[in-house]
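S.K.: The primary structure of each chain is shown beneath.
Number of protein chains: 4
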Amino acid sequence: MKIGRQAHRASAISTSSADVIVVRGKDLCKELIGQVSFTDHFWLLLTGNLPTPAQRLVLDATLVAIAEHGLVPSVQAARMTYAAAPEALQGAVAAGILGCGSVILGASADAGVLLADVVTRSATVPLRDAAAAAVGELRAAKRPIPGYGHPLHKGEDPRATRLFEVATQAGLGDQHRAAARMVQELLPELTGKALVMNVSAAIPAVLLDAGFPVGALKGVPILARTASLVAHLLEEQLKPVGFVLSHAGSQAVGYDGVVPPGFTAEKS
Amino acid sequence: MKIGRQAHRASAISTSSADVIVVRGKDLCKELIGQVSFTDHFWLLLTGNLPTPAQRLVLDATLVAIAEHGLVPSVQAARMTYAAAPEALQGAVAAGILGCGSVILGASADAGVLLADVVTRSATVPLRDAAAAAVGELRAAKRPIPGYGHPLHKGEDPRATRLFEVATQAGLGDQHRAAARMVQELLPELTGKALVMNVSAAIPAVLLDAGFPVGALKGVPILARTASLVAHLLEEQLKPVGFVLSHAGSQAVGYDGVVPPGFTAEKS
Amino acid sequence: MKIGRQAHRASAISTSSADVIVVRGKDLCKELIGQVSFTDHFWLLLTGNLPTPAQRLVLDATLVAIAEHGLVPSVQAARMTYAAAPEALQGAVAAGILGCGSVILGASADAGVLLADVVTRSATVPLRDAAAAAVGELRAAKRPIPGYGHPLHKGEDPRATRLFEVATQAGLGDQHRAAARMVQELLPELTGKALVMNVSAAIPAVLLDAGFPVGALKGVPILARTASLVAHLLEEQLKPVGFVLSHAGSQAVGYDGVVPPGFTAEKS
Amino acid sequence: MKIGRQAHRASAISTSSADVIVVRGKDLCKELIGQVSFTDHFWLLLTGNLPTPAQRLVLDATLVAIAEHGLVPSVQAARMTYAAAPEALQGAVAAGILGCGSVILGASADAGVLLADVVTRSATVPLRDAAAAAVGELRAAKRPIPGYGHPLHKGEDPRATRLFEVATQAGLGDQHRAAARMVQELLPELTGKALVMNVSAAIPAVLLDAGFPVGALKGVPILARTASLVAHLLEEQLKPVGFVLSHAGSQAVGYDGVVPPGFTAEKS
Numbered sequence: 002m003k004i005g006r007q008a009h010r011a012s013a014i015s016t017s018s019a020d021v022i023v024v025r026g027k028d029l030c031k032e033l034i035g036q037v038s039f040t041d042h043f044w045l046l047l048t049g050n051l052p053t054p055a056q057r058l059v060l061d062a063t064l065v066a067i068a069e070h071g072l073v074p075s076v077q078a079a080r081m082t083y084a085a086a087p088e089a090l091q092g093a094v095a096a097g098i099l100g101c102g103s104v105i106l107g108a109s110a111d112a113g114v115l116l117a118d119v120v121t122r123s124a125t126v127p128l129r130d131a132a133a134a135a136v137g138e139l140r141a142a143k144r145p146i147p148g149y150g151h152p153l154h155k156g157e158d159p160r161a162t163r164l165f166e167v168a169t170q171a172g173l174g175d176q177h178r179a180a181a182r183m184v185q186e187l188l189p190e191l192t193g194k195a196l197v198m199n200v201s202a203a204i205p206a207v208l209l210d211a212g213f214p215v216g217a218l219k220g221v222p223i224l225a226r227t228a229s230l231v232a233h234l235l236e237e238q239l240k241p242v243g244f245v246l247s248h249a250g251s252q253a254v255g256y257d258g259v260v261p262p263g264f265t266a267e268k269s
Numbered sequence: 002m003k004i005g006r007q008a009h010r011a012s013a014i015s016t017s018s019a020d021v022i023v024v025r026g027k028d029l030c031k032e033l034i035g036q037v038s039f040t041d042h043f044w045l046l047l048t049g050n051l052p053t054p055a056q057r058l059v060l061d062a063t064l065v066a067i068a069e070h071g072l073v074p075s076v077q078a079a080r081m082t083y084a085a086a087p088e089a090l091q092g093a094v095a096a097g098i099l100g101c102g103s104v105i106l107g108a109s110a111d112a113g114v115l116l117a118d119v120v121t122r123s124a125t126v127p128l129r130d131a132a133a134a135a136v137g138e139l140r141a142a143k144r145p146i147p148g149y150g151h152p153l154h155k156g157e158d159p160r161a162t163r164l165f166e167v168a169t170q171a172g173l174g175d176q177h178r179a180a181a182r183m184v185q186e187l188l189p190e191l192t193g194k195a196l197v198m199n200v201s202a203a204i205p206a207v208l209l210d211a212g213f214p215v216g217a218l219k220g221v222p223i224l225a226r227t228a229s230l231v232a233h234l235l236e237e238q239l240k241p242v243g244f245v246l247s248h249a250g251s252q253a254v255g256y257d258g259v260v261p262p263g264f265t266a267e268k269s
Numbered sequence: 002m003k004i005g006r007q008a009h010r011a012s013a014i015s016t017s018s019a020d021v022i023v024v025r026g027k028d029l030c031k032e033l034i035g036q037v038s039f040t041d042h043f044w045l046l047l048t049g050n051l052p053t054p055a056q057r058l059v060l061d062a063t064l065v066a067i068a069e070h071g072l073v074p075s076v077q078a079a080r081m082t083y084a085a086a087p088e089a090l091q092g093a094v095a096a097g098i099l100g101c102g103s104v105i106l107g108a109s110a111d112a113g114v115l116l117a118d119v120v121t122r123s124a125t126v127p128l129r130d131a132a133a134a135a136v137g138e139l140r141a142a143k144r145p146i147p148g149y150g151h152p153l154h155k156g157e158d159p160r161a162t163r164l165f166e167v168a169t170q171a172g173l174g175d176q177h178r179a180a181a182r183m184v185q186e187l188l189p190e191l192t193g194k195a196l197v198m199n200v201s202a203a204i205p206a207v208l209l210d211a212g213f214p215v216g217a218l219k220g221v222p223i224l225a226r227t228a229s230l231v232a233h234l235l236e237e238q239l240k241p242v243g244f245v246l247s248h249a250g251s252q253a254v255g256y257d258g259v260v261p262p263g264f265t266a267e268k269s
Numbered sequence: 002m003k004i005g006r007q008a009h010r011a012s013a014i015s016t017s018s019a020d021v022i023v024v025r026g027k028d029l030c031k032e033l034i035g036q037v038s039f040t041d042h043f044w045l046l047l048t049g050n051l052p053t054p055a056q057r058l059v060l061d062a063t064l065v066a067i068a069e070h071g072l073v074p075s076v077q078a079a080r081m082t083y084a085a086a087p088e089a090l091q092g093a094v095a096a097g098i099l100g101c102g103s104v105i106l107g108a109s110a111d112a113g114v115l116l117a118d119v120v121t122r123s124a125t126v127p128l129r130d131a132a133a134a135a136v137g138e139l140r141a142a143k144r145p146i147p148g149y150g151h152p153l154h155k156g157e158d159p160r161a162t163r164l165f166e167v168a169t170q171a172g173l174g175d176q177h178r179a180a181a182r183m184v185q186e187l188l189p190e191l192t193g194k195a196l197v198m199n200v201s202a203a204i205p206a207v208l209l210d211a212g213f214p215v216g217a218l219k220g221v222p223i224l225a226r227t228a229s230l231v232a233h234l235l236e237e238q239l240k241p242v243g244f245v246l247s248h249a250g251s252q253a254v255g256y257d258g259v260v261p262p263g264f265t266a267e268k269s
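From first to last, the protein sequence lines are chains A, B, C and D.
All you need for my numbering is the position in the first sequence, starting with 1, plus 1.
All you need for my numbering is the position in the second sequence, starting with 1, plus 1.
All you need for my numbering is the position in the third sequence, starting with 1, plus 1.
All you need for my numbering is the position in the fourth sequence, starting with 1, plus 1.
The set of hints was computed from the structure by calculation and includes no laboratory data.
Predicted model, so just to flag it, every value in this text is computed and none were measured.
Each residue gets a CB set at the ideal place from its N, CA and C atoms; glycine is no exception.
Among the clues, some could well be false.
[Said to hold, decoys possible] Here are the simulated PhoX-like pairs of lysine-lysine, each with C-alpha atoms no more than 20 angstroms apart in a straight line: (1) K240(D) <-> K3(C); (2) K194(C) <-> K143(C); (3) K240(B) <-> K3(A); (4) K194(D) <-> K143(D); (5) K143(D) <-> K143(B).
[Unchecked claim] What follows is a list of derived Cβ distance ranges for each label pair: (6) E190(D) <-> V215(C): 40 to 46 angstroms; (7) V259(C) <-> P189(B): 53 to 59 angstroms; (8) E157(C) <-> A266(B): 18 to 24 angstroms; (9) A142(D) <-> R10(A): 48 to 54 angstroms; (10) A8(C) <-> H9(A): 45 to 51 angstroms; (11) G156(B) <-> V215(C): 57 to 63 angstroms; (12) P54(B) <-> Q238(A): 24 to 30 angstroms.
[What the hints assert, rightly or not] Chain A side only, calculated, beta carbon under 7 angstroms to chain D, not exhaustive: (13) L72; (14) P74; (15) T82; (16) P241; (17) V242; (18) V245; (19) S247; (20) A249.
Just chain A, same shape as in the assembly:
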């Protein structure tokens, strides 16, 4: 079945012959393996160009910042899945990645769209007005302001602060960081709540200042968490807790439906 127009029929990422693998115009074996870092390669795959040192520094910093934060829901989903299906590590990683969604890790991408919108608007109006307008539209649509507030880090999110320092040291322009700060400044007035910028606003702020493509922002926490998921699944092989997690979960949630006549629940 043919779906859509299908006018475009090419990819610009890789081609190969029996002897040469080309990635983004470069000979993989002669120009990349052993010569560029994995972070360089990720930037190259996305953009077609190797990063500058400043771009590499900022991308490394964001990937390191977001990779690991303990037994978050996606890690628990992955470890339970691996305990149940140890034949397929890829399935457990996939289960963990599926939890990188709009509520948990996807906020980075949504915050990036907001910050890019503020920067675009600020070409014609003062930054404060641009931020107020962009936030106002989200509020009017009853949508959350992505990238502000955190369940654990009630004050400053230390990862956000550190990422801004790294971007400043790298000498990047700061249009998107300024937009992120302005949104934070306006939030008490616009929403009645003093929410602090979290890592999900800081990541797009520093990456967009580095020229990272906005459409790939959602991939940054996904790639970072994949590294962490592999580490947790290695630990799960050696010191399993997957069924400890699910047992604790099942103990924490009761049953509030009806039961048949004569049924007696046991202590488990």
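Since chain A is already given, all that's left is putting chains B, C and D on it; use the hints.
M.R.: Below, chains B, C and D without anything else, positioned relative to chain A:
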């Protein structure tokens, strides 16, 4: 429901307070963000220690080597999935990762187990005998020899050759590389086929020589391909081919079942 | 880490003792196994009550209607994934389900929200005005009208027609079917295109007329396609085409990036 | 890239024209929708034939038996995933399905292979010897005996007992049920443990006695659990517990790694 003994109830990867996030004993913000590369961080997450320069070089090389090889099945699955469900980039990445299995990318892990087995056996018998015994057991169990042969690269796999060069330049020991070469040397005699080592044998050879944990080998192509999948999904947003791929697939496979009386297929 | 308020801590679906498994208040072994159909059980799991014969008839009809439509993208993703990772059938099914998204099969749920909206509005204004207003809001927000048009079935979608017949035979009320017909009638005038109702509008129309919960509509194509995916993966074991599909896909999409000096692509 | 021989290039499951959708040789709209149950359709998709009443009864019974068992790991993974990524119900279902693995629900398929093996061997030796030989081979390979024992149901698994009753009432032959009983009888002697047959042995026993294809056994719990997952995700929309589950899990698992100087964990 309680499954298993659940004696162990701890993880050693991360903890945090309101102010500090600890990853493998280090303060994430003060000691890691902006100071280590993502590849360093992956090694740290897996092993509890930052890599040496030689270890980092080899890990980067393997991740770069295996990240991208064009429109392989897992990339096609991801791009079709994204075309059908653009609201969930994480789902399209997950669909791609699910294709990192025993036949396609999982061979790295299987080959690693083989090479580690050969090295262990070679403590007490000559390497040739160790390799012959390990391969012989796979043959007896009618299991394939993982890491040798490739549908496209019939001669030398250029990525394998390059990874060996990098490992040598890094000054690593070469026990597992020697085992990989010995298996290749013996294959014509043991199997009747002159299969050449591919990237899936070279990756574990150089990583195990660097001290990488064998239980995490399967995670290397998964992490590497995640970077590539994000790049393909960014391209899919800008220049979509997901439904081109599925249309071509459906044209290549006919229908050989029965049809109801009077049914006439149309050209599509 | 504690996320959200967590005030509610119970589920009403199932509980058990060592002797009795309770599902929605019923003794699984004494009251359900061998006595109700899987379709009955699905309705019970969702709503807490067994369906009436009319409800069962309509739910069966929708599941049968949407289960299978040949080598659609999600089936191709699943078959390629299984070819690459035959150790994990669950992973191949998951890859297929991930393609039940907003563009392909999720339209059922979106169309259900539209039809429910039209019915709600029609409590206070004539149906024509209710439908025009609901469609108008989608148009104003530049969102597609879900459930109308089909790449293959340009005229009437025969599955939609048949589902409406079944619902009429079942003696259900027809508020949502009337809403679906009214939207179709208005589309030429409101959009300039005469798009015909497809199966994704017919499914929610008949299910909502039967009292099916709107929040579970997205699960109907997912459950139905799971049955089909299992059948395709059984066929893939016996007569594999997974790599035929991916080969055809890779042949249909060229490379339009740059190449290194001297690189020559081969015929593949 | 061309992988494998690709000699076969057809599927026998479905084809269509603009007017007619053919599924397994039948006109979907005229012969199936509104006339067969979803369970009938699943059997048809798998085998090419509609089931007999006895076959339908047994397949319905197994799907009902295995669909739901409370907050099992795969349900928890799905509910956490949905809480984190509510934009993609399909992703949460997929995360749950990924936990249908060799340890948890995949035992049905492994047990089916064992029972089929026992039946095959019993063509030439007494059933007791056939069962002893098949179990002996698993023991020799240090593999578990799939389908016996349960963490909660220490005595008889009531679902297993009930499924056998249903199969007997349906009038099916009982070769595979006899094999399952014989394995149970021999286990104390062969393994030193009196493990009772659980639902994962009963499901393949009754389905294989009904003529169900052994290669599709793994799909039965997957399809059944998909129904349950959709119900849990509907409940998660209305009465969320996803983050309650993950909070409880994180409280149950401590941190046993090192911490930086001066770090103090807080009560969370």
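S.K.: Next step is simple, just say for each hint if it's right about the structure.
M.R.: Hints and how they fare:
no. : hint                                    : verdict
1   : K240(D) <-> K3(C)                       : 17 angstroms, holds
2   : K194(C) <-> K143(C)                     : 15 angstroms, holds
3   : K240(B) <-> K3(A)                       : 17 angstroms, holds
4   : K194(D) <-> K143(D)                     : 15 angstroms, holds
5   : K143(D) <-> K143(B)                     : 18 angstroms, holds
6   : E190(D) <-> V215(C): 40 to 46 angstroms : 56 angstroms, violated
7   : V259(C) <-> P189(B): 53 to 59 angstroms : 39 angstroms, violated
8   : E157(C) <-> A266(B): 18 to 24 angstroms : 19 angstroms, holds
9   : A142(D) <-> R10(A): 48 to 54 angstroms  : 49 angstroms, holds
10  : A8(C) <-> H9(A): 45 to 51 angstroms     : 50 angstroms, holds
11  : G156(B) <-> V215(C): 57 to 63 angstroms : 60 angstroms, holds
12  : P54(B) <-> Q238(A): 24 to 30 angstroms  : 28 angstroms, holds
13  : L72                                     : 4 angstroms, holds
14  : P74                                     : 4 angstroms, holds
15  : T82                                     : 5 angstroms, holds
16  : P241                                    : 11 angstroms, violated
17  : V242                                    : 5 angstroms, holds
18  : V245                                    : 6 angstroms, holds
19  : S247                                    : 4 angstroms, holds
20  : A249                                    : 3 angstroms, holds
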